[in-house]
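Engineer: Going line by line, the protein sequences match chains A and B.
Counting from 1, one number per residue, gives the positions in the first sequence under our numbering.
Counting from 1, one number per residue, gives the positions in the second sequence under our numbering.
Because the hints were derived from the structure by calculation, they are not lab data.
Owing to the predicted nature of the structure, the values given are computational and were not obtained by experimental measurement.
Be careful, since some hints might not be right.
[What the hints assert, rightly or not] Derived list of chain A stretches under chain B, where covered just means 3 residues or more per stretch with a C-beta under 8 Å from a C-beta of chain B:
no.	stretch
1	30-44
2	86-98
3	129-142
4	206-215
5	231-241
[As the list claims (entries may be wrong)] Cut-off 25 Å, straight-line C-alpha distance, at most; resulting in silico cross-link-like pairs (SDA-like, lysine to any residue):
no.	chain 1	residue 1	chain 2	residue 2
6	A	159	B	450
7	B	345	B	407
8	B	255	B	316
9	A	181	B	455
10	A	181	B	359
11	A	84	B	451
Every residue gets a Cβ at the ideal spot worked out from N, C-alpha and C, and that includes glycine.
Below, each chain spelled out in residue letters.
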Amino acid sequence: MRKAVTIVVINLLMSSLFAFEADSVIKFGNDSYAKGLYYYAIEAYEQAVDSGYEAPELYYNLGNAYYKINNIPMAILNYERAKKLDPYDDDVSHNLALANAHVIDKIDIIPEFFIKTWIRNIVSLTGPDRWAVISISAFLLFLVLFLVYLFSARIALKKLTFWLGIIILFISVSAFYSAWKRKELLTAKDSAIIISPTVTAKSSPAESGVDLFIIHEGTKIIIEDSLDIWNRIRIGDGTVGWIRKEDMEII
Amino acid sequence: MRHCFFILSVFSILSGLHSQDISFKAYAAPDVLRTGEQFQLVYELNANPSELEIPEFSDFRLLGGPSTSSSSSIQIVNGKTTRSVNYSYTYYLQAVSEGTYTIPPATAKIKRDTYQSNPVKIEVVKGSAPSPPSATQADETEEKPAGEIDVPASENLFVRLHVDKTSAYVGEQIVAWIKIYSRLNLSQVDPNFKGPDFKGFFQQSVNIPALRSLERENVNGEIYGTGILRKVVLYPQRAGEIIIQPFEVDVAYQKQIQRRSKSIFDDFFGPSVQNVPVTLKSQKVRLNIKPLPLNRPASYTGAVGSFHLDASINKTEVTTNDAITLKINISGKGNVKLIDDLKIKFPPSLETFEPLVNTVQDNALSGRQTFEYTIIPRYAGDYKIEPVEFTYFDPSSKLYKTLKTQEFNISVIKGREDTTDIVITGLSKEDIKLLGSDIFYIKSKPFKVSKKGGYIFESPAFYAAYLVSFLLFIAFIIIRRERIKRNSNISLVKNRQANKYARRRLRKALVLMKHNNHEAFYEEVLKAMWGYLSDKLSIPGARLSKDSSRQALVEHKVDDELINRFLDIIDTCEYSRYSPVSESEGMHKLYADAINTIIKLQQKLR
Numbered sequence: 001m002r003k004a005v006t007i008v009v010i011n012l013l014m015s016s017l018f019a020f021e022a023d024s025v026i027k028f029g030n031d032s033y034a035k036g037l038y039y040y041a042i043e044a045y046e047q048a049v050d051s052g053y054e055a056p057e058l059y060y061n062l063g064n065a066y067y068k069i070n071n072i073p074m075a076i077l078n079y080e081r082a083k084k085l086d087p088y089d090d091d092v093s094h095n096l097a098l099a100n101a102h103v104i105d106k107i108d109i110i111p112e113f114f115i116k117t118w119i120r121n122i123v124s125l126t127g128p129d130r131w132a133v134i135s136i137s138a139f140l141l142f143l144v145l146f147l148v149y150l151f152s153a154r155i156a157l158k159k160l161t162f163w164l165g166i167i168i169l170f171i172s173v174s175a176f177y178s179a180w181k182r183k184e185l186l187t188a189k190d191s192a193i194i195i196s197p198t199v200t201a202k203s204s205p206a207e208s209g210v211d212l213f214i215i216h217e218g219t220k221i222i223i224e225d226s227l228d229i230w231n232r233i234r235i236g237d238g239t240v241g242w243i244r245k246e247d248m249e250i251i
Numbered sequence: 001m002r003h004c005f006f007i008l009s010v011f012s013i014l015s016g017l018h019s020q021d022i023s024f025k026a027y028a029a030p031d032v033l034r035t036g037e038q039f040q041l042v043y044e045l046n047a048n049p050s051e052l053e054i055p056e057f058s059d060f061r062l063l064g065g066p067s068t069s070s071s072s073s074i075q076i077v078n079g080k081t082t083r084s085v086n087y088s089y090t091y092y093l094q095a096v097s098e099g100t101y102t103i104p105p106a107t108a109k110i111k112r113d114t115y116q117s118n119p120v121k122i123e124v125v126k127g128s129a130p131s132p133p134s135a136t137q138a139d140e141t142e143e144k145p146a147g148e149i150d151v152p153a154s155e156n157l158f159v160r161l162h163v164d165k166t167s168a169y170v171g172e173q174i175v176a177w178i179k180i181y182s183r184l185n186l187s188q189v190d191p192n193f194k195g196p197d198f199k200g201f202f203q204q205s206v207n208i209p210a211l212r213s214l215e216r217e218n219v220n221g222e223i224y225g226t227g228i229l230r231k232v233v234l235y236p237q238r239a240g241e242i243i244i245q246p247f248e249v250d251v252a253y254q255k256q257i258q259r260r261s262k263s264i265f266d267d268f269f270g271p272s273v274q275n276v277p278v279t280l281k282s283q284k285v286r287l288n289i290k291p292l293p294l295n296r297p298a299s300y301t302g303a304v305g306s307f308h309l310d311a312s313i314n315k316t317e318v319t320t321n322d323a324i325t326l327k328i329n330i331s332g333k334g335n336v337k338l339i340d341d342l343k344i345k346f347p348p349s350l351e352t353f354e355p356l357v358n359t360v361q362d363n364a365l366s367g368r369q370t371f372e373y374t375i376i377p378r379y380a381g382d383y384k385i386e387p388v389e390f391t392y393f394d395p396s397s398k399l400y401k402t403l404k405t406q407e408f409n410i411s412v413i414k415g416r417e418d419t420t421d422i423v424i425t426g427l428s429k430e431d432i433k434l435l436g437s438d439i440f441y442i443k444s445k446p447f448k449v450s451k452k453g454g455y456i457f458e459s460p461a462f463y464a465a466y467l468v469s470f471l472l473f474i475a476f477i478i479i480r481r482e483r484i485k486r487n488s489n490i491s492l493v494k495n496r497q498a499n500k501y502a503r504r505r506l507r508k509a510l511v512l513m514k515h516n517n518h519e520a521f522y523e524e525v526l527k528a529m530w531g532y533l534s535d536k537l538s539i540p541g542a543r544l545s546k547d548s549s550r551q552a553l554v555e556h557k558v559d560d561e562l563i564n565r566f567l568d569i570i571d572t573c574e575y576s577r578y579s580p581v582s583e584s585e586g587m588h589k590l591y592a593d594a595i596n597t598i599i600k601l602q603q604k605l606r
């Protein structure tokens with residue numbers, strides 16, 4: 001028991017130490033950016049990302065630094081990562097739109113089914129952890145209400161707790177679903193940004209495949225399948241082809 | 001002195017003459033010669049000198065002179081009379097010994113003022129070869145043995161490409177000229193001669209007068225007739241070694257023909273001459289072109305040379321819609337023509353047009369480029385035109401130099417709206433002009449970073465929370481149920497045993513009755529009655545009273561008669577318990593009553 005407590009304390013200390021280090025690295029990056037030393041800023045932010053930290057602001061700043069040195073695909077990639085973590089940040093959306101204006105490919109995007117968009121928007125209101133806490137709290141409240149319903153002698157109280165309990169149970173289940181869905185969205189590795197200047201999509205996962213179409217750096221794609229070094233991708237207008245994994249970077 | 005001038009000017013006006021600047025020139029013709037050759041030394045003045053002092057010609061032999069000549073002309077243009085006079089004094093001299101001589105200036109006195117001529121330089125070489133003829137004057141060369149110059153030796157006739165420098169920076173001016181050297185009777189030069197194509201250069205040809213006569217020049221102690229065929233200014237376009245390839249010129253010279261049959265006519269008409277065409281080839285010229293230093297400022301656009309920048313504006317206080325002209329003038333030595341548009345940052349609310357570019361070439365090397373910007377302010381206000389920057393590379397100091405104009409402040413006041421010109425379509429509300437777009441700035445405030453992954457959701461703790469709360473719920477229900485069950489079990493047993501206990505007590509009471517212990521008897525009967533009721537109806541003993549038991553019995557739908565009998569028994573017991581009188585008859589009756597009541601209650605409360 002004592003050993004376990006010691007381990008927990010050490011872990012807490014370590015994590016706070018690392019967080020402190022990440023903070024100072026990010027601050028260095030911000031200062032470099034302010035002075036116009038964008039390469040330094042990129043190095044600092046990348047270091048923070050490499051050591052396993054993430055925050056929408058971190059990806060946003062990194063995207064800005066890449067934009068400033070005119071590396072548009074990497075800027076788009078990092079903006080997309082920031083947007084994934086925080087879809088409601090207007091700054092990210094603005095800068096992403098500007099960066100996307102530099103992308104060569106003009107693709108007519110097939111609109112998504114509106115309910116799907118709604119669900120995604122609602123689910124993205126908060127992170128999976130908060131959804132999980134909401135779900136557990138609602139479940140506990142439901143159980144308490146159920147007990148009151150069971151052992152109460154008064155009819156009015158029984159009625160009230162019954163209906164309230166059903167609502168709370170529904171909230172708990174919805175929060176559970178939201179937590180699951182949000183986590184799935186966050187951990188999904190199904191979209192990527194093309195980073196090679198020009199990529200030819202093939203009809204099959206082999207060099208001998210027929211050339212289907214050409215896409216350029218900065219274009220966002222959906223990964224549908226993968227085989228060895230090849231990924232089956234779908235672009236915004238629904239066209240499908242096989243391209244190499246090395247030509248893309250997963251968001 | 002001033003008095004003097006006054007008189008002079010009055011005199012000039014009276015005589016209706018326009019007074020001129022005095023010029024006093026001296027020249028020698030030819031100025032390159034062989035020993036023993038004679039030449040003329042001429043002094044020219046445009047006024048009549050009262051006194052002329054000529055230096056002594058100690059190095060030359062004076063053959064004759066001075067011969068004086070004068071001319072005068074009167075010109076009347078638009079009522080203005082111009083009179084010019086010209087006096088010249090010519091001396092005939094002969095060169096004695098070789099060397100370079102300078103004849104010092106001569107002095108002339110004109111109306112009490114003294115003027116000096118320029119010094120004259122004369123070059124004398126050793127007189128061995130015959131003197132060269134010039135292209136137009138076909139001088140006879142009598143002493144020349146026939147056939148001596150059948151084939152023109154390269155030293156007798158050649159062309160050369162000269163450059164003023166062999167090493168230059170990219171864009172730096174290089175002057176190149178093609179010169180022909182001749183010791184023969186040059187009669188013709190190809191009029192269509194173009195010269196080499198200067199590959200790797202931007203070239204600009206210089207207008208030179210057509211070749212009419214060759215000038216004498218001393219080349220390595222030999223006198224040649226020389227002439228410039230072509231002159232260009234070159235601007236190197238790339239760095240590295242650039243070779244100007246040899247080129248060819250077609251020329252013709254006159255050659256004397258010796259005839260075998262000598263007749264008097266031949267002698268009479270002089271020796272016959274023949275034109276011989278020759279193709280001359282020039283030498284290769286190597287030029288080393290250096291790249292410009294890399295530390296070029298951002299405003300550098302490629303100008304090389306030395307320049308001067310000035311800017312002027314025609315007005316700074318205008319009303320709206322009134323045009324302003326901003327003139328920027330770049331002048332100097334260098335590739336003026338190649339100067340691109342100056343990047344001027346005008347305030348965005350001023351309407352500007354493409355500049356009018358005007359290039360004036362003063363001479364081959366220098367010129368002027370004028371940019372004329374028309375600015376029309378559409379809105380009232382004070383505007384500032386930032387200083388215009390112009391950067392050039394100075395090859396002599398090997399530095400980039402940046403010139404700046406002053407800044408201009410324009411104040412525009414609202415003019416009268418000219419309704420005939422402007423159609424007012426509504427209130428003058430305008431969209432905000434976007435000058436540019438850029439990404440938003442980074443999030444500079446400290447923010448929270450977290451480790452990637454590690455979600456609470458789907459972690460064991462997450463499911464444990466559900467499980468634990470559900471188990472607690474179940475446990476709560478079970479405990480509650482158990483307690484109820486246990487409670488109900490006790491009362492059931494009691495219920496079942498109630499009759500038995502009551503009978504046991506009554507039996508005990510019967511024993512007590514036989515012993516005539518009436519106090520204990522009544523107490524035992526009372527206990528039996530209360531205990532039965534307590535067990536049967538699950539009412540704790542403490543809460544038992546006559547009222548509560550009556551209520552409980554009513555609830556169990558026991559009829560009033562039985563209740564009354566039951567309560568009567570209890571009353572009797574309580575009453576008789578402490579009564580001193582004891583009747584065995586009463587005890588018997590009470591005992592029977594109690595047994596009957598319990599039997600009946602047992603039947604009712606089953």
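Engineer: Are the hints correct? Go through all of them and say.
Structural biologist: Hint by hint, here is what the structure shows:
Using a Cβ-Cβ cut-off of 8 Å, 3 residues of the stretch 30-44 of chain A lie near chain B, which meets the minimum of three, so the contact claim holds. Coverage of the stretch 86-98 of chain A by chain B holds [criterion: at least 3 residues with CB-CB distance below 8 Å; count 4]. Counting residues of the stretch 129-142 of chain A whose C-beta sits closer than 8 Å to any C-beta of chain B gives 7, which meets the bar of three, so the coverage hint holds. Coverage of the stretch 206-215 of chain A by chain B is violated. Counting CB-CB distances below 8 Å, 0 residues qualify, and the rule asks for three or more.
Beta-carbon proximity to chain B at under 8 Å applies to 0 residues in the stretch 231-241 of chain A; the threshold of 3 is not reached and the given coverage is violated. Proposed proximity of residue 159(A) and residue 450(B) is contradicted: the alpha carbons are some 45 Å apart, above 25 Å. The straight-line distance between the Cα atoms of residue 345(B) and residue 407(B) is roughly 11 Å, inside the 25 Å bound, and the hint therefore holds. Of the supplied pair hints, the one linking residue 255(B) and residue 316(B) is violated, its CA atoms being roughly 73 Å apart against a limit of 25 Å.
For the proposed pair residue 181(A) and residue 455(B), the alpha carbon gap of about 13 Å is at most 25 Å, so the pair holds. For the hint pairing residue 181(A) with residue 359(B), the CA-to-CA distance comes to about 72 Å; that exceeds 25 Å, so the pair is violated. Among the hinted pairs, residue 84(A) with residue 451(B) is consistent with the structure: their alpha-carbon atoms are about 16 Å apart, no more than 25 Å.
Checked against the numbered hints listed earlier, the structure breaks hints 4, 5, 6, 8, 10; every other hint is satisfied.
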